[in-house]
Structures are given as structure tokens and as C-alpha cells.
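Below, each chain spelled out in residue letters.
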Amino acid sequence: MNSRHRGLLLMFLIPFLLLVVFNYVPMYGIVLAFKDFRMSDGIFGSRWTGLETFRRLFLGPDFLKVLRNTITISVLKLITGFVAPIVLALMLNELRLKRYKLAVQTLSYLPYFFSWVILGGILKLLLSPGGPVNSLLVSLHLGAIPFLTDNTWFIVTLVVTAVWQSVGYGAVIYLAAISGISPTLYEAAMVDGAGRWRQTLHITLPSLVPSMVVLFILSLGGILNAGFDQIYNLYSPVVYRTADIVDTYVLRQMFAMDFSLAAGAGLFKSVVGLALIVGTNIVANRISRGEQGLW
Amino acid sequence: MTMKRTTGESVFNVVNIVLLGILALLTVYPFLYTVSISMSNAREAARDGLHLVPGDPAMLGRALENLFRFRFTGFRDGLSAYGQGLSLEAYRMVLVNREIIVGYANTLFRTVVGTILTLLATALAAYPLSRPNMPFRKRLTFFVIFTMLFNGGLVPGYLLIRNLGLINSLWVYVLPTLVTAFNVLIMKSFFQSIPESLAESAMIDGANDFSILFRIYLPLSKPVLATVGLWTAVTHWNSWFDGLLFVTDSSKQVLQIILRRIVIENSTEMVEKGIMNPNVLDFTPDTIKAATVVVTILPILFVYPFAQKYFVKGVMLGSVKE
Numbered sequence: 001m002n003s004r005h006r007g008l009l010l011m012f013l014i015p016f017l018l019l020v021v022f023n024y025v026p027m028y029g030i031v032l033a034f035k036d037f038r039m040s041d042g043i044f045g046s047r048w049t050g051l052e053t054f055r056r057l058f059l060g061p062d063f064l065k066v067l068r069n070t071i072t073i074s075v076l077k078l079i080t081g082f083v084a085p086i087v088l089a090l091m092l093n094e095l096r097l098k099r100y101k102l103a104v105q106t107l108s109y110l111p112y113f114f115s116w117v118i119l120g121g122i123l124k125l126l127l128s129p130g131g132p133v134n135s136l137l138v139s140l141h142l143g144a145i146p147f148l149t150d151n152t153w154f155i156v157t158l159v160v161t162a163v164w165q166s167v168g169y170g171a172v173i174y175l176a177a178i179s180g181i182s183p184t185l186y187e188a189a190m191v192d193g194a195g196r197w198r199q200t201l202h203i204t205l206p207s208l209v210p211s212m213v214v215l216f217i218l219s220l221g222g223i224l225n226a227g228f229d230q231i232y233n234l235y236s237p238v239v240y241r242t243a244d245i246v247d248t249y250v251l252r253q254m255f256a257m258d259f260s261l262a263a264g265a266g267l268f269k270s271v272v273g274l275a276l277i278v279g280t281n282i283v284a285n286r287i288s289r290g291e292q293g294l295w
Numbered sequence: 001m002t003m004k005r006t007t008g009e010s011v012f013n014v015v016n017i018v019l020l021g022i023l024a025l026l027t028v029y030p031f032l033y034t035v036s037i038s039m040s041n042a043r044e045a046a047r048d049g050l051h052l053v054p055g056d057p058a059m060l061g062r063a064l065e066n067l068f069r070f071r072f073t074g075f076r077d078g079l080s081a082y083g084q085g086l087s088l089e090a091y092r093m094v095l096v097n098r099e100i101i102v103g104y105a106n107t108l109f110r111t112v113v114g115t116i117l118t119l120l121a122t123a124l125a126a127y128p129l130s131r132p133n134m135p136f137r138k139r140l141t142f143f144v145i146f147t148m149l150f151n152g153g154l155v156p157g158y159l160l161i162r163n164l165g166l167i168n169s170l171w172v173y174v175l176p177t178l179v180t181a182f183n184v185l186i187m188k189s190f191f192q193s194i195p196e197s198l199a200e201s202a203m204i205d206g207a208n209d210f211s212i213l214f215r216i217y218l219p220l221s222k223p224v225l226a227t228v229g230l231w232t233a234v235t236h237w238n239s240w241f242d243g244l245l246f247v248t249d250s251s252k253q254v255l256q257i258i259l260r261r262i263v264i265e266n267s268t269e270m271v272e273k274g275i276m277n278p279n280v281l282d283f284t285p286d287t288i289k290a291a292t293v294v295v296t297i298l299p300i301l302f303v304y305p306f307a308q309k310y311f312v313k314g315v316m317l318g319s320v321k322e
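Protein sequence lines, in the order shown, are assigned to chains A and B. Okay, so the first sequence: first residue is 1 according to the working numbering, each after it adds one. Okay, so the second sequence: first residue is 1 according to the working numbering, each after it adds one.
Keep in mind that the hints are not guaranteed to be accurate.
BS3-like, lysine-lysine: derived pairs with alpha carbons at most 25 Å apart [stated by the list, open to error]:
hint : chain 1 : residue 1 : chain 2 : residue 2
1    : A       : Lys98     : B       : Lys309
2    : B       : Lys273    : A       : Lys124
3    : A       : Lys101    : B       : Lys309
4    : B       : Lys252    : B       : Lys222
5    : B       : Lys222    : B       : Lys309
Reference listing, derived: stretches of chain A covered by chain B, where coverage requires no fewer than 3 residues with Cβ under 8 Å from a Cβ of chain B [stated by the list, open to error]:
hint : region
6    : 59 to 67
7    : 99 to 107
8    : 150 to 158
9    : 164 to 177
10   : 235 to 243
11   : 250 to 258
If you're looking for bench data, these hints aren't it; they were derived computationally from the structure. Backbone N, C-alpha and C define an ideal beta-carbon position, used for all residues, glycine too.
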């Protein structure tokens, strides 16, 4: 190895150490899930308990409920969060008024730039019993809706506000893909007498499939991420029955100092996430003969 | 190119334009509402209604009607009547609040220092991985990517921060996220698009890798530095979970956590202080919450027009298949 290589390796040293310390060292901490962790004994000193944590987790009253909630919320968000940006992108693409299109697009991804603390704060003002949404509903004789305190309405609120937050961002990816479509395809279709609807159906939509596959794989890998930031800033104990998810459960177990249970639930989530993303990628590669996977 | 327009298509066009307009309005309405409430006086803020403008919209309408009819005294009187419904008292309370000022300073620190150091660390990771002659290049790239696929989770992460003594330290906001796989991959792919000949000729002139990176690559990489930098800055400004988890000392807390206490956890501390202060009268818990939100999002709104230009680029770079 000559001095050229030494320079490159030396340069990589700081990022390497940062990754080791902050990303790889905590991976060792997953052994906590197989121990009875006590702060005073440390990770090494604590007693091994085998699969006891997982027995407690799966036989306990809460974890299966939390898991079911997570998957329900995730699947609902996956479907809406997958379809909405495609629809928005197609609608924006049909706009012929360039400035109007830019204005709509710019406004549509505004919420993506704010944390869920900010968005949650705004939504709590907006959706409260005396807030503007409910006063509008009441004045239309539709009756007030307990958006944040009813177990079913809360899930609806989560799904709708998640679309609100991310639809503009999602659409950008598809608009980029659309702008890459060769105009000659559309010209040829027009010569064949295809109207705009058929052009969208037979040219625009099929050319978005690669982006769709990538985004779908990524979101499937996150199926156990039902949206911690959003839920933690909007929920309250009255909606735990439907809105308590793995991440909020882990955090509460940790605050209650049950580190082993929290670590076990966290490990379960990480392993499932990894398996899903690897699995869907294999399937995507197989279906498309190696053309459409992530790697 | 001439286009034949059928009736169906023009109907669709109109519907599409209207629908997208409504959608855009619905998206921004929550923010308009918040700004309106924050600037209304207590009576106006408590009124039922949509609150598209601060204060009483009927008053504003009457004033404007006078203006359009060239009745200037009527306009002036109408405007001052409308002004009665406005109030900046909530802002006065928010901006003198010690916790908010300290939170602002800490958030500013993590945003500025965090962004600069992140760009530096990301470049130091991305450059070697972009060089064809880097030893173990493939394996080290996977070493970076793997952190995207798997992590130890919350509890081991918390114990690590404890063991490193970073609890209640401002560095806890900056250090753990200095190198993230996503940023490294984006910068690496940009570096790879820079012509190899530039580095080669510099090497012949005796330049080492550090000077090639800092003198040649980084000056050519402004678009990717802007993209990664702006995203990192916005992320830092918005981060709150590390503050919740790792910081109990209120002099080290970030703005988002202070905001969270006020708007999410309904801390009434500031309202109580306001009630005890005879100089400040015209406020409600809601106007204070709204004003705190506005104060928090203002910096993001300032960079937004600038950021969104790079935002689209970032999304596209990010969605490029490796």
C-alpha cells in the first residue's frame, strides 16, 4: 500500500470512527434484549435470561395490541401515501399554466419542512372542539367531530394529516420522472389519435413504474414505523387503544426503566424491517429480472 | 404543434385547475390560521370562524369597501376600528420568555455548527469512497449503507450517549448525526460525476488527496453542498427527540422542546406569568401557542424560497438508483 492509499484511508478515518461509535457500537446493545438489564450492573454485568424478554413481550397484555395498531396504521398510510403523490403529480403534469403549477407545487410541500411538534401544535389548535374545523362542521349542521380523542377518528386524522404533510414531497419524485419522458412518445401517441387520458394511461403511468417500485420497497421496509413523530405529538392516553404503536410503547417502557423489554421490542422491529426490505428487494429483482430492485 | 381540444378536455382542464387551487389552499390554511390567531386580540381569537386574516374580517372588509369607493376618511376610521381587533401582546410575551430565548440560541448553535461539521464529515467520507483507487472501497461503502438498513434501536443508543457522558451536553445534538449514509451517498455520486482528469492532473502536480478535495472538488460541488447543507440545517432546526431524550438541563434545551411543552403538553406557565403581569392583558392560551409556533417556523419560511430550489434537486439525487 503506497502513500496515496494512506491519504485516502486517513481521510476516511474520522467518518469511520463516527459510524463505529454512533451506529455500530449500539448494535452490540441488542444483547440487552437477552439480559435482565440493570443500570447498576451495566450491559456486561447484567444477568443473561435467554428468551425471557420475548416471552414477556408476546405474552404480556400490550405488545400484540401495539403491533396490530402499528400494522393497521402503517398499511393505511402506505396505501394513501403511495397513491396520493402519484395522483397529485399526474394532476400537476396536466396543468398548462406554468406559473400556477409552480405556485401550487411550492405550497404543496410546505408542510414537509416542519417538524411534527410544529404541525402537531397547529393541528391541536385547528382540530380542538372549539377550533375552526369543528365550528365549520357545526355551522353546517354536521356536528362536531372528536378528531383527537376518539379511537377511530384519531386514526383517520393520522392518515389524512400524514398525506397533508408528505404528498407534495412525494409528488416531486414522480414529476422528476415524468419530466424525463421523451416527448416523441407523446407525439407518436397523438398521431395515433390518443387523447390526453390515454396518453396518461399508456405513456406517463407506465414510465413511473420504476420510481413506484423503489418507493414501495422503501415504504414496505418501514411497515413497523407507523410514524412516531406524528403520533407522539398528537396522541393522548384516551386513544392508546388504537394509536399506541411499537415506537411509542418502546419509549414508554424505557421511561418506566424496563430497558430489557424496550430493547426487545426495538430489536424485533429492526429485524422485521431488515427482513422486509431485503425480502421485497429480492422479489422486485426477480419479477423485473434484476432491473428494478434497490440493489 | 397544434392541439385539438375536445369539450371533455377543456372541462377537465377547468376542474383540474380548480381542484389543485383548493388543494393548495387547504395545505396552507392551517398556517394562515395560526398566524391569524397569533396576531388577534383575546376577543377576536376566541370568536368562532375560519380566521383567514388576523382580527375581525368584517371590519377589514368595511375599511376596504370605503377605500374602493374613494371614501378616505371612512377607510381611515375603518382601518383603525379593524386595528382594535389586532394585538401583538402574545409575541411580546413569547419574545421576552427566557426559555424561548435560550432555546432559540441552542437551536441556532446546533443548526450552524451541526451543518458545517456535517458537510465536512460527509465530504471526508464521500471523497475516498468516490475514488477508484480507494482500498476496500466496496466493503467500506457497504459499511456505510448498512447503517441505513439496521440499527441498534432506542435503548442501546440511549445507553451509549450516557456512557459517553453526552447527557446534557450541547454536543449530543451534533455528533451522533455527523455522518449519515444518505448524505454520504448523495455527495459520493456527485463527486463521481466530476471528471477524473482534474484529479489526475492535480496529482501529477504533486497535490495530495486533502488538497484535491478542498481545492478542486469542494469548490466544484456547490449544488450538492447546498442541497445537503440546507437539508441538514432544516433537520437540525426541526429536531426535538434528542432534546427530549438526552437533555434535562433547561439551559441546554432546544426550541422545539420548549414549543412542545407549550403547544403539545399545554404548559400554562407562560399564561400564568402573563396574568400576573399588569402590562400584558390581551392574550389567550391559544394566541400564545400560535405566536410560539410562528416564532419557531419563521426562520424556515425565510430559507424556504431559497431551499426549495435545491429541495427538488435533493429529492432527485436521492432517488437515483445506486
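**Q.** Hints breached by this structure
**A.** 4, 6, 8 and 10
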